[in-house]
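Residue numbers (full-length UniProt numbering), protein chains in the order written: chain A, 1 to 358; chain B, 1 to 358; chain C, 1 to 358.
Source of the hints: derived by calculation from the structure; they are not laboratory data.
Keep in mind that the hints are not guaranteed to be accurate.
If the Cβ cut is set under 10 Å, some of the chain A residues that face chain B in the computed set are [unchecked claim]:
{"hint": "1", "residue": "Leu12"}
{"hint": "2", "residue": "Val123"}
{"hint": "3", "residue": "Pro124"}
{"hint": "4", "residue": "Asn127"}
{"hint": "5", "residue": "Val135"}
{"hint": "6", "residue": "Phe141"}
{"hint": "7", "residue": "Pro143"}
{"hint": "8", "residue": "Gln148"}
{"hint": "9", "residue": "Val164"}
{"hint": "10", "residue": "Val170"}
{"hint": "11", "residue": "Phe178"}
{"hint": "12", "residue": "Ser179"}
{"hint": "13", "residue": "Thr182"}
{"hint": "14", "residue": "Trp208"}
{"hint": "15", "residue": "Phe242"}
Chain A is faced by these chain C residues, among others (derived, beta-carbon under 10 Å) [said to hold, decoys possible]:
{"hint": "16", "residue": "Leu80"}
{"hint": "17", "residue": "Gly84"}
{"hint": "18", "residue": "Met85"}
{"hint": "19", "residue": "Thr88"}
{"hint": "20", "residue": "Ser131"}
{"hint": "21", "residue": "Val137"}
{"hint": "22", "residue": "Ile142"}
{"hint": "23", "residue": "Ile145"}
{"hint": "24", "residue": "Leu174"}
{"hint": "25", "residue": "Ser179"}
{"hint": "26", "residue": "Thr182"}
For every residue, glycine included, the Cβ atom is placed at its ideal position computed from N, Cα and C.
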Amino acid sequence: MKKFISPGLLVLTFLLSAIGHYAHWPDTLQFIISAIAVIFVAGFLGKATESVAHYAGQRLGGFLNATFGNAAELIIGILLVREGMFETVKASITGSIIGNLLLVLGLSLFAGGLKYKVQRFNVPLANMNGSLMIVAVIALFIPAIFLQTHVLHEEDRTTLSLVVGGILIVAYILWLVFSMITHKKYLSDVVEEHKPEDGAAEEHGPAWSKKRSILYLILATVMVAFVSEWLVHTLDTFTQKFGLSEIFVGAFVVAIIGNAAEHSAAVLLAMKNKIGAAVEIAVGSSLQISLFVAPVLIFISHLFGKPMDIVFTIIELAAIGVSVFIAKSIIQDGQTNWYEGLLLLSVYAILGVSFYLV
Amino acid sequence: MKKFISPGLLVLTFLLSAIGHYAHWPDTLQFIISAIAVIFVAGFLGKATESVAHYAGQRLGGFLNATFGNAAELIIGILLVREGMFETVKASITGSIIGNLLLVLGLSLFAGGLKYKVQRFNVPLANMNGSLMIVAVIALFIPAIFLQTHVLHEEDRTTLSLVVGGILIVAYILWLVFSMITHKKYLSDVVEEHKPEDGAAEEHGPAWSKKRSILYLILATVMVAFVSEWLVHTLDTFTQKFGLSEIFVGAFVVAIIGNAAEHSAAVLLAMKNKIGAAVEIAVGSSLQISLFVAPVLIFISHLFGKPMDIVFTIIELAAIGVSVFIAKSIIQDGQTNWYEGLLLLSVYAILGVSFYLV
Amino acid sequence: MKKFISPGLLVLTFLLSAIGHYAHWPDTLQFIISAIAVIFVAGFLGKATESVAHYAGQRLGGFLNATFGNAAELIIGILLVREGMFETVKASITGSIIGNLLLVLGLSLFAGGLKYKVQRFNVPLANMNGSLMIVAVIALFIPAIFLQTHVLHEEDRTTLSLVVGGILIVAYILWLVFSMITHKKYLSDVVEEHKPEDGAAEEHGPAWSKKRSILYLILATVMVAFVSEWLVHTLDTFTQKFGLSEIFVGAFVVAIIGNAAEHSAAVLLAMKNKIGAAVEIAVGSSLQISLFVAPVLIFISHLFGKPMDIVFTIIELAAIGVSVFIAKSIIQDGQTNWYEGLLLLSVYAILGVSFYLV
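Next comes chain A alone, as it looks inside the complex:
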């Protein structure tokens, strides 16, 4: 592992990517450099998260990772809201939710499951996560169905969006109180007596000190945010060449790259049999997007004087709904294996093809 995160290559690709962006190199070149840089900074972030998780416990580590990972998304979201690009915001929120629940979680279970026959994590936490995801789906579904069936006036669209958004933010803050304070132990990780099947290469504690780990976590997050943005920036021109629809780019390309940090961190943790932390990153990140980032963007849109509502399109709702159902079904017993990862990836592929054809 330590070899993989070569500090030299990390700094080099990051700087090249920065130079390419500000010096307006050709888009294709920018895209390639940034994509490589993302791999390194994401790897760096994964390593830092893992190290912090060692000191802070798997769940807090997972939460920190999800929060730092989503900080980038929140910033990008605010920029898009300011420009009134509501459709793109919603597409990328959709993509972020399904990307975390299907791609990140799927790859984690698959990679972890190839190494360990069965991986276990805290069952009550799995159940709580499932219920929270259902509430998130309900909060998006109810306004949409009330507006679709025309039982609500258009004027009430804004009111309903703000009230539902407010309820979600309160629910999310209380979830932090519940999971970090009142019921921290109840949701804490199963003590894993994991015996790697290759019978070797057990980890010998973290590479960095506690202080340094936290510093690196923050640094890595900032680097990921920057590189992600530079990369996303190249996509407009780049994807036009391939004729991809805006919703596909928003829901898949942006979401995959924007969640690169979560991807690598979760997969690495899963491969170290810390499946609880991997699930926390994937599910926690999608919960944070739907219960916190999305509602906050609605409130912020009012500050800009361009109110965004909470009403997603039917296909976005369908995509979020099926992702939540299959993810809930798979995590609810607190046991995972490679095939469950594959099932999540299958659903991601089905959605990917469907959105690609739009």
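Since chain A is already given, all that's left is putting chains B and C on it; use the hints.
Just chains B and C now, with coordinates in the frame of chain A:
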């Protein structure tokens, strides 16, 4: 507790409410008096139920409470059906189901969870309850979707309603056979070794004898039925002043007041760590409404020569559907905590605001 | 048991049915003879499956049974696809899925539950089955919703059908790898210490040798396939007399008769407390239909130059969706009883009446 149910105030407010109703006092005054009276009679009913539950076991006690509580709803439903007010009947059935699953269950888990970190009840019962709720949703959903997509003729609407209603009644009667006779022990409550966190104030047996408890249970139910009706009666005029829609009044105001008995009984039991009985009241009551009261009203409507069908509106179905999904998700592991109660209340708030804006 | 499968009557009814078919006896007579013959050959198949299951383990036995049972359906499906009867194919796929999940599983749980208070089987397997069923529903639901909302062009219908079909076939093959090879033991049956309540008549090993059991399994499957086809052949004329709609015949009559083998085998195993094998037959068969038979038929339709798509009608999707939800809810705890069987049968009855009225 004994102090709370002051017999004097109970009788006084009940009589004042009766006088107000029959002497046609101003609606606002009637409303206030009846609302206060409801608190006392509901408290009385809660105490009686608790006492009966002590002798009969938590589940039978819960069932008795649900039945007595729904007797009032059945009577009100019959009166409305006779007058052909089918929309109001369906709105109040909807409100009763979601009120029990979200508000009553939510308050119970929340109040109980503030006192006890984790409350546990019989897992197989939780699973059976979940499956029964799903069947109830399916029984409402299938006729609606077959009629919405116009694959059924309007003439078949009545036939389908009667057949589905008949299936539900048979399923409900057999559920009683199953849960009370053949599998009583299988579904019986977990023996709680509850140690109240304040380390004190443990109950010292019931306040009343077995005979007297049963008598009081019946008496309290009758009183609740009367006060509920007097209160509901004031709502027509009262709500017009506030410009609330009929569906909101039916689904929320009527349902909250009509279920006051279940509310107080369930919450009090939850706070005594008898969460099994609290869940039985809340879920059992909503099952009784959907599997027994609603189908019986359809059959009774035919006796009056004004056939009511089983087809609910899309938003009613959506409200019932999401309530069942989140309630099932939360109870299925047989473990509850305050945050799960809060999640149920959040969904109730989302639905409440949506229906309020209609 | 041995008395029941009278070899003489088995051969006699089979031959009579064959003669009736090829000599073009009156349809009503053909129908009656074939229906009787189906009972015997299905009983024969049940006995052979049970015997093979004894040697091969419950799960492999269940899988073999499901595969042999579905071979007949695949052949019939290919014949229908060649003639371009896509609606009938989809109706019979729908009927096969819901017939297995509701009727076969329902009867098994009901019959087994009457004899044994609670029957248990492997919980991780129940969870995996539930997740696979959800994926199957998603694979049918997503193309339908994307096409219904007109976000997809009609030209993409074929592409999407092929891609989704391909994903399902890969997922199914990997499921076999997972369940038969990498995680065979993880999903293996709970060791049942079943004590029959009548305290007697315990089985004394299988009736046949291993080799003979396998031979009989193949022979019985072929016989069932033939008799099923002869019986289905009589239905066209026969059902016209009763004025049944094509979708009802496809989804209920054809599916019930076509799954006679699974029915009898699963119910017999359930009554011997081998509920794991019974669930494997019912759920495994519906999974095989949705994840393998249906996609294969799509690919085969392209060979015939008449492309069939994966888009089912709304009521077919609704029927499959509710069947999966209730079946998943019931099996997910790995414990079954007679009332859960009854719930499945109730939903089957509701769907049956609804389709009958179409």
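Per-residue hint verdict: Val135/A, partner chain B, C-beta under 10 Å: holds, 5 Å
Hint validity - Val164/A Cβ closer than 10 Å to any chain B Cβ: Holds - the Cβ of Val164/A comes within 10 Å of chain B, reaching about 6 Å at its closest.
Hint check, Leu12/A versus chain B [nearest Cβ-Cβ separation less than 10 Å]: violated, 46 Å
Hint check, Pro124/A versus chain B [nearest Cβ-Cβ separation less than 10 Å]: At 6 Å from the nearest chain B Cβ, Pro124/A passes the 10 Å test, so the hint holds.
Chain B contact restraint for Thr182/A - C-beta distance below 10 Å: This interface hint holds because 8 Å falls under the 10 Å limit.
Agreement of hint Thr88/C with chain A interface, Cβ distance less than 10 Å: violated, 26 Å
Evaluation of the interface hint that places Thr182/C against chain A, nearest CB under 10 Å: holds, 7 Å
Hint status (Cβ of Ile142/C to nearest Cβ of chain A, threshold 10 Å): Status holds, d = 5 Å.
When the least beta-carbon distance from Leu80/C to chain A is tested against 10 Å, hint result: violated, 26 Å
Proposed interface contact between Val137/C and chain A, which counts if any beta carbon pair is under 10 Å: holds, 8 Å
Proposed interface contact between Pro143/A and chain B, which counts if any beta carbon pair is under 10 Å: Status holds, d = 7 Å.
Restraint outcome when Val123/A is required to lie within 10 Å of chain B by C-beta distance: holds, 7 Å
Hints 1, 14, 15, 16, 17, 18 and 19 from the earlier list are contradicted by this structure; the remaining hints agree with it.
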